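The whole structure should be built from the sequences, with the hints applied where relevant.
Those sequence lines, one after another, are chains A and B. Take 1 as the starting number for the first sequence in the numbering used here and just add one per residue. Take 1 as the starting number for the second sequence in the numbering used here and just add one per residue.
The hints are simulated quantities; they were obtained by calculation from the structure and are not laboratory data. Keep in mind that this is a model prediction, so the values were computed, not measured. A hint or two may mislead.
Because identical chains share one entry, a pair is satisfied inside a single copy or across any pair of copies.
Dumping the calculated DSSO-like pairs for lysine-lysine here, alpha-carbon to alpha-carbon at most 30 Å [what the hints assert, rightly or not]:
1. Lys232 x Lys82
2. Lys360 x Lys328
3. Lys412 x Lys82
4. Lys230 x Lys403
5. Lys395 x Lys411
6. Lys82 x Lys403
7. Lys395 x Lys360
8. Lys360 x Lys230
9. Lys403 x Lys232
Protein chains: 2
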Amino acid sequence: MAARNAFYAQSGGVTAVINASACGVLEAAREHSDQIGKVYAGRNGIIGALTEDLIDTSVESAAAIGALKHTPGAAFGSCRYKLGSIRDDRAQYERLIEVFRAHDIGFFFYNGGGDSQDTALKVSQMAARLSYPIACVGIPKTVDNDLPITDCSPGFGSAAKYVATSIREAAFDLAAMSPTSTKVFLLEVMGRHAGWATAACALAAEREGDPPHILLLPEVTFVERRFLAKVKEALERHGHCVIAASEGIKGSDSAFLASGRQDAFGHAQLGGVVPLLSDLVSAELGCRCHWAVPDYLQRSARHIASATDVEQAYAVGRAAVEFAIAGKSAVMPAIRRQSDAPYRWDIVEAPLSEVANREKLLPSDFISADGFGITEAARRYLAPLICGEAYPPFKNGLPDYAKLQNVRAQKKLASEFAV
Amino acid sequence: MAARNAFYAQSGGVTAVINASACGVLEAAREHSDQIGKVYAGRNGIIGALTEDLIDTSVESAAAIGALKHTPGAAFGSCRYKLGSIRDDRAQYERLIEVFRAHDIGFFFYNGGGDSQDTALKVSQMAARLSYPIACVGIPKTVDNDLPITDCSPGFGSAAKYVATSIREAAFDLAAMSPTSTKVFLLEVMGRHAGWATAACALAAEREGDPPHILLLPEVTFVERRFLAKVKEALERHGHCVIAASEGIKGSDSAFLASGRQDAFGHAQLGGVVPLLSDLVSAELGCRCHWAVPDYLQRSARHIASATDVEQAYAVGRAAVEFAIAGKSAVMPAIRRQSDAPYRWDIVEAPLSEVANREKLLPSDFISADGFGITEAARRYLAPLICGEAYPPFKNGLPDYAKLQNVRAQKKLASEFAV
Numbered sequence: 001m002a003a004r005n006a007f008y009a010q011s012g013g014v015t016a017v018i019n020a021s022a023c024g025v026l027e028a029a030r031e032h033s034d035q036i037g038k039v040y041a042g043r044n045g046i047i048g049a050l051t052e053d054l055i056d057t058s059v060e061s062a063a064a065i066g067a068l069k070h071t072p073g074a075a076f077g078s079c080r081y082k083l084g085s086i087r088d089d090r091a092q093y094e095r096l097i098e099v100f101r102a103h104d105i106g107f108f109f110y111n112g113g114g115d116s117q118d119t120a121l122k123v124s125q126m127a128a129r130l131s132y133p134i135a136c137v138g139i140p141k142t143v144d145n146d147l148p149i150t151d152c153s154p155g156f157g158s159a160a161k162y163v164a165t166s167i168r169e170a171a172f173d174l175a176a177m178s179p180t181s182t183k184v185f186l187l188e189v190m191g192r193h194a195g196w197a198t199a200a201c202a203l204a205a206e207r208e209g210d211p212p213h214i215l216l217l218p219e220v221t222f223v224e225r226r227f228l229a230k231v232k233e234a235l236e237r238h239g240h241c242v243i244a245a246s247e248g249i250k251g252s253d254s255a256f257l258a259s260g261r262q263d264a265f266g267h268a269q270l271g272g273v274v275p276l277l278s279d280l281v282s283a284e285l286g287c288r289c290h291w292a293v294p295d296y297l298q299r300s301a302r303h304i305a306s307a308t309d310v311e312q313a314y315a316v317g318r319a320a321v322e323f324a325i326a327g328k329s330a331v332m333p334a335i336r337r338q339s340d341a342p343y344r345w346d347i348v349e350a351p352l353s354e355v356a357n358r359e360k361l362l363p364s365d366f367i368s369a370d371g372f373g374i375t376e377a378a379r380r381y382l383a384p385l386i387c388g389e390a391y392p393p394f395k396n397g398l399p400d401y402a403k404l405q406n407v408r409a410q411k412k413l414a415s416e417f418a419v
Numbered sequence: 001m002a003a004r005n006a007f008y009a010q011s012g013g014v015t016a017v018i019n020a021s022a023c024g025v026l027e028a029a030r031e032h033s034d035q036i037g038k039v040y041a042g043r044n045g046i047i048g049a050l051t052e053d054l055i056d057t058s059v060e061s062a063a064a065i066g067a068l069k070h071t072p073g074a075a076f077g078s079c080r081y082k083l084g085s086i087r088d089d090r091a092q093y094e095r096l097i098e099v100f101r102a103h104d105i106g107f108f109f110y111n112g113g114g115d116s117q118d119t120a121l122k123v124s125q126m127a128a129r130l131s132y133p134i135a136c137v138g139i140p141k142t143v144d145n146d147l148p149i150t151d152c153s154p155g156f157g158s159a160a161k162y163v164a165t166s167i168r169e170a171a172f173d174l175a176a177m178s179p180t181s182t183k184v185f186l187l188e189v190m191g192r193h194a195g196w197a198t199a200a201c202a203l204a205a206e207r208e209g210d211p212p213h214i215l216l217l218p219e220v221t222f223v224e225r226r227f228l229a230k231v232k233e234a235l236e237r238h239g240h241c242v243i244a245a246s247e248g249i250k251g252s253d254s255a256f257l258a259s260g261r262q263d264a265f266g267h268a269q270l271g272g273v274v275p276l277l278s279d280l281v282s283a284e285l286g287c288r289c290h291w292a293v294p295d296y297l298q299r300s301a302r303h304i305a306s307a308t309d310v311e312q313a314y315a316v317g318r319a320a321v322e323f324a325i326a327g328k329s330a331v332m333p334a335i336r337r338q339s340d341a342p343y344r345w346d347i348v349e350a351p352l353s354e355v356a357n358r359e360k361l362l363p364s365d366f367i368s369a370d371g372f373g374i375t376e377a378a379r380r381y382l383a384p385l386i387c388g389e390a391y392p393p394f395k396n397g398l399p400d401y402a403k404l405q406n407v408r409a410q411k412k413l414a415s416e417f418a419v
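What follows is the structure in structure tokens.
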């Protein structure tokens with residue numbers, strides 16, 4: 001059987017390690033040149049496929065591909081673009097198959113979160129209806145860690161390591177300042193619905209009483225009175241209080257605390273809950289507060305990536321290729337935990353139909369009784385995911401990240417497609 | 001001559017490397033045990049001296065002292081507490097000498113910024129008036145890099161490396177997202193009056209057009225119309241725009257843009273200018289923005305400290321001891337640059353009278369003609385300060401920072417002193 005080409009694209013919010021998955025895909029594909037011809041990357045995710053804006057990765061050197069393993073962002077551009085149902089957006093799915101046919105694409109790899117896994121599933125369904133032979137494999141990625149089945153989502157471990165490191169460092173700062181100045185420090189952590197990253201901040205505490213003293217998880221309803229009482233208690237016990245707050249915390253009316261704005265897609269654009277909490281604490285408890293919102297910094301901090309996360313991101317990229325050439329489709333490589341300590345894992349296949357559009361929140365047995373912390377079970381789960389350092393190379397004092405040439409492949413279709 | 005004891009304390013906002021200076025002081029003092037007996041550290045800066053709350057550092061092991069070199073925060077506690085003039089606060093200065101006399105303190109080391117150098121100077125003046133023999137040596141520290149004479153201030157290089165690394169990483173993220181989503185990213189950088197750290201963000205750009213595209217320096221008056229025009233231009237040229245904004249930018253009325261609150265000392269409590277700018281850009285240019293305020297994270301990020309900065313912080317600590325045992329007083333070890341590339345430096349003495357209370361701002365020849373960037377001269381100055389990595393040890397995936405025992409020395413005075 002002649003080799004057929006592959007399509008790979010990156011989707012959704014990027015991470016410190018999604019390019020490590022790209023590296024895994026591209027390196028594995030090159031090792032199987034008898035079955036996989038060229039790998040075309042979609043410029044800006046699925047949009048690159050719809051508009052036939054395909055990047056020819058075959059012109060990149062092995063060194064350039066290797067450097068993706070230590071480069072944050074999305075080397076081929078990501079997108080916030082969700083395809084609808086096959087019924088509503090049939091023309092888009094037909095267009096995808098038309099482009100794939102024109103470029104003899106026999107392998108479809110889509111690297112993203114829940115929405116992306118849904119897209120990969122629908123592409124496989126549409127291809128079947130149109131009798132177009134293609135292996136569709138999703139590749140997991142999300143800093144939010146909210147994909148089901150897989151033990152964790154590549155991208156999460158590095159964001160978790162970043163926020164736990166940062167809150168430990170800020171706590172050293174606060175402890176030094178608090179006797180005469182600032183008493184409360186608040187760190188805002190990503191995670192619109194799932195509190196995994198906020199929970200990971202608790203790894204900074206080694207002993208009872210160590211900071212962070214309070215977690216505000218999106219899974220737990222925010223009650224102002226209870227929160228203030230908890231801050232007061234921490235101030236009395238420790239002289240200062242370190243708080244990790246999810247951007248997605250909600251009050252008893254189920255509205256986001258920080259829900260002023262909406263993005264272009266109608267999602268509430270979050271960010272900025274800690275200034276509100278800081279004002280609240282200052283006003284009610286009369287103490288000076290500092291707050292930090294790292295935003296993109298937490299999901300792009302490749303300089304403090306988890307080596308475990310980098311390894312897993314790379315491994316799921318490679319596994320996606322292995323699955324595809326083994327004839328599997330509508331699956332996603334999932335990480336399966338074999339043991340907590342030492343952390344042992346392997347990769348299994350998860351059906352996309354069981355992955356797509358299901359959000360994995362913190363289970364209730366991971367949340368402490370008062371709702372402001374995590375349990376030992378949660379610590380056992382989280383601890384291995386941040387382990388190991390995987391520093392990028394540095395040049396002139398800064399991380400030396402790679403940029404690819406991103407050469408566009410010749411178009412084969414006369415028709416344009418507007419997205 | 002019998003050995004006399006020393007007093008060391010840390011003051012003002014802490015840094016990633018002020019403990020490296022403490023390490024330098026303590027290690028050098030131990031090497032000169034013929035001249036320096038015990039080193040007492042003030043708990044919470046000068047307040048520890050006033051209240052006779054002295055920490056006996058002699059109980060700490062060499063390993064514990066050595067670990068200070070990789071630990072952020074202030075190991076003995078810092079303070080925001082400024083002594084007034086000798087005329088107004090005479091009782092406080094007399095109390096200091098009383099405490100020093102009780103503990104046979106012959107060496108006074110004060111590690112801080114401009115206010116702290118002023119305190120060290122006044123202690124030396126008061127001691128002279130009271131004929132109390134003591135060598136008073138200031139040790140430079142400030143993330144703001146605003147001390148005069150010294151080539152740079154320990155603490156700055158690490159904060160600079162952190163912000164330049166962070167903005168480079170966030171720019172990779174933004175470049176991936178901008179075709180379909182967020183177009184503008186704003187990073188808020190510390191520096192109430194001096195734009196050194198904001199300027200350092202420009203080191204992330206290697207070539208013309210690289211991000212960050214705009215710096216908002218506190219030395220340059222913020223003009224809304226000019227700022228928006230510059231953002232628009234960047235969006236047209238690059239499709240996205242990365243901005244580093246100093247927390248201290250002011251409008252033409254000389255008021256801080258983010259000047260809602262005041263701290264307990266009547267200083268405007270800054271933080272939160274980028275949410276305002278983000279709203280402005282969204283409203284006027286109609287594009288989606290993200291913003292980050294790292295706050296304490298940037299000054300405590302020991303995990304990404306500059307090796308040059310760590311080395312200098314340690315060296316000024318050692319030099320302070322050398323100066324003191326050589327009989328010098330009312331001086332501060334200052335870093336003198338001998339060449340830019342390779343960066344060569346040594347340590348010279350600066351009279352405290354020329355250091356205290358003088359703020360070194362970005363000179364005009366370091367600021368580009370349009371006010372939104374830096375010149376080649378600025379790059380030559382800044383580049384070596386962020387060079388070299390000096391990773392702390394890690395344990396369980398997180399930096400393994402040291403905590404000292406901080407054992408209190410026996411009080412010798414019956415009188416209490418209220419601060």
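Hint check results:
no. : hint            : result
1   : Lys232 x Lys82  : between (44 Å within a copy, 28 Å between copies)
2   : Lys360 x Lys328 : within (25 Å within a copy, 65 Å between copies)
3   : Lys412 x Lys82  : within (25 Å within a copy, 73 Å between copies)
4   : Lys230 x Lys403 : between (47 Å within a copy, 25 Å between copies)
5   : Lys395 x Lys411 : neither (37 Å within a copy, 52 Å between copies)
6   : Lys82 x Lys403  : within (26 Å within a copy, 49 Å between copies)
7   : Lys395 x Lys360 : between (39 Å within a copy, 29 Å between copies)
8   : Lys360 x Lys230 : within (28 Å within a copy, 43 Å between copies)
9   : Lys403 x Lys232 : between (49 Å within a copy, 25 Å between copies)
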